[in-house]
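Generate the whole structure from the sequences, applying the supplied hints.
Quick mapping for you: the protein sequence lines, in order, are chains A and S. Position one of the first sequence corresponds to residue 1 (UniProt numbering), numbered consecutively onward. Position one of the second sequence corresponds to residue 1 (UniProt numbering), numbered consecutively onward.
Since the hints were made in silico from the structure, they are not lab data. Note that the coordinates shown come from a computational prediction; the quantities given were computed from them, not determined experimentally. Errors might be hidden in some of the hints.
Unchecked claim - Dumping the calculated DMTMM-like pairs for lysine to aspartate or glutamate here, alpha-carbon to alpha-carbon at most 20 Å:
1. K19/S with D376/S
2. K34/S with E141/A
3. K34/S with E127/A
4. K37/S with D114/A
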Amino acid sequence: MSKKTLTLMSKDKQLFNIEEHLAVQSVTIRNMVKEDGASSVIPLPRVDSETLALVIEYLNRQQAPEEDEDYVKKFVDERGEIPTLLELAQAALDLDIKKLMDAACMKVADLIKDFTLEEVREALRIENDRTPEEEKAIRDEFQWAF
Amino acid sequence: MKMKMLPWLEFDIQVEILKRLPVKSLIQFRSVCKAWKSLIDSSPFIADHNNVSQDHHLMIRYRPPCWQLGSEEVKYVCFVDDDDDSFPQNKFATPPVPPIPPSLYGSCIIDTSCGLVCLEGYVPVQPDGSSKTRMVVLWNPSIRKSIAIVVPNDAPSEFHPFVGFGVCPETKDPKLLKISYKDDQDPYQVMVFTLSSREWRCLSSSNQFPHMSLIFMTYSQTVIGRFFYGLVFDGESYLIWSFDLSTYEFRKVPVPDSVRQSYLSMSKLRESLVLIDDKKGYSSTDMHVFDVWMMMEDGAFTKQFTITKASIERILGFRKTGEPVVEIEIEIVDDVTTALIGVYEPFLDHIKDLGICRSATFSVMCSYNESLLLLDHDDDDGCIEINLSQLNGIGNIGFEMIIPLVSYQTVIGRFLYRFVFDGEFYLISSFDLSTEEFGEVPLPDSLRRSYLFISKLRESLVLIEDDNGYPTTYIQVFNVWMMMQDGAFTKLFTIKNASVGRILGFKKTKTGEPVVEIEILDDVNRDSTTIFCLRTLLRSHQGSWDL
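Here's what the structure looks like:
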């Protein structure tokens, strides 16, 4: 029996082929295959091609199950840039690939844990919606931590 | 590499990242934006964060030496319990002092669960020390926050109620268990406190404590998963019972016959219950040999290993790696023993020094994972919450590893005297209310093992020695000892009267008549105890009571 192949389409309309038995590590894809057979192209409108290429590289890994933990750690370690990791984490969350999402978020957490507030905001693109006085009041609740 | 522009970051993914951050970062990142603060402060996030593995710490509570009675401060040191070789370098040099009420006397660590350390002690309610409240403090050292909870005490004061602590792993709700014993006829009264309800509730009769034993080993309790384990001694052998923190069911846990009559203590090794059997026991001749038994999944205990090393005096607990943290007694100066604390590495047969030297008081070790628990608790009714800022410099918190006795304290002048029991002997500690210094009042040797009460007669400290001790015989004999100006005790008089059950105190009059309690057995309500305040002549044994 020949292995069935699926086609995934990124946000920027690039097409990626992947064997179905590997693709269904993503719970989202597995459900789509179950529902309508997914003979046609599966569109992933929130994942760009660079990120999707990474996801597919991960899904195609040929690791023995016992080495999987180390592999996924190393996999995210090698992509140590926060913006890339965030995209990867987001894609893994959307596609419901738990191990990849865990590892990517863990890596981001590890990178930002010693950041200043301003660095965190910049890295995660979060707007400060407080006045400096309000911010200080919250900070003062746990002065020892700063 | 080019920077990618993220138009926004989904909140879901922010939550996933935050869940994996250490506690200290989260405390800081509450200020990042409004959404993060409400998330981090929310109960579901706090519970969820606790499920993601966090740094494991060992906390050691000890009194440093330079032996001056009572004047040393209790110190807490924490180590990050890593699997790698960096242990024990990664240590908190000056860990935060627990923000506990400044007047929490005789505090001791009960246990830890889900990042919370549970301390227990007493707080005097009246300035003269005539009434006091038993209190439990839940302390989260990672966020430096604590909550004090009053333990109701309606049992006769001579029965020290047992207090247990555990956090329900499903709901992350901290719970306290109180077991008080009334008398031989009555079953144990069991009450449970949940922090979510902030209420103590009596358990229904179907969840009663199995009526089997008298002596609760307060410092031998452990929570594993949703089960709380307690060690009890029935006078002959050890028994273990478990309490389900979700269903509130008690169970007996079978203890291997070969260790039931040993000198046992209970601990935790990774997430398993272990029993430490000190083969030396109470004898002072041989060296210590410790058998470590572990409870397996089927509930049976299996001997895991034996620790034989002459210098090891006590096992305080275990590292995540399984290496025991031990005390090594090093010297005896003027009858005072000090000890070093170290980690025993069995394969190297070597003890790695942790750089801690304690005084004569035993040190206590507990382990905890960082957690955000209590972050969502505000100061409101039912509990007293204390912020660290109000309590800087609180260090003297009484004796540890010593059982504080409830109504065994009194204030005379500027000294608060209280009774403590170190498992073998009675001691009297004094606390100077002006200088906040601790001291010890020497007891006559003949009294150190007796069944004692503390009281005051006019403005002198008196000890009431119950000559009958614990077993109930028909005629009660009480010896009353008074502390003289020079600090020595002299026997003043003896009270012998069949109907006197207990001496509650003395009148302030010149004759110093005792106020006593008489037990009356009436047929309708056999267990009722009535308190009479009586005038009696000390010299007259017939005791013509006039009410």
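Tested hints:
1. Note on K19/S and D376/S: the hinted pairing holds, with a Cα-Cα distance of about 16 Å set against a maximum of 20 Å.
2. Straight-line distance between C-alpha atoms of K34/S and E141/A comes to about 15 Å, which keeps the hinted pair within the 20 Å bound.
3. Pair hint K34/S plus E127/A holds up; C-alpha atoms about 10 Å apart against a cutoff of 20 Å.
4. Our distance criterion of 20 Å between C-alpha atoms is met by K37/S and D114/A, whose separation comes to about 18 Å.
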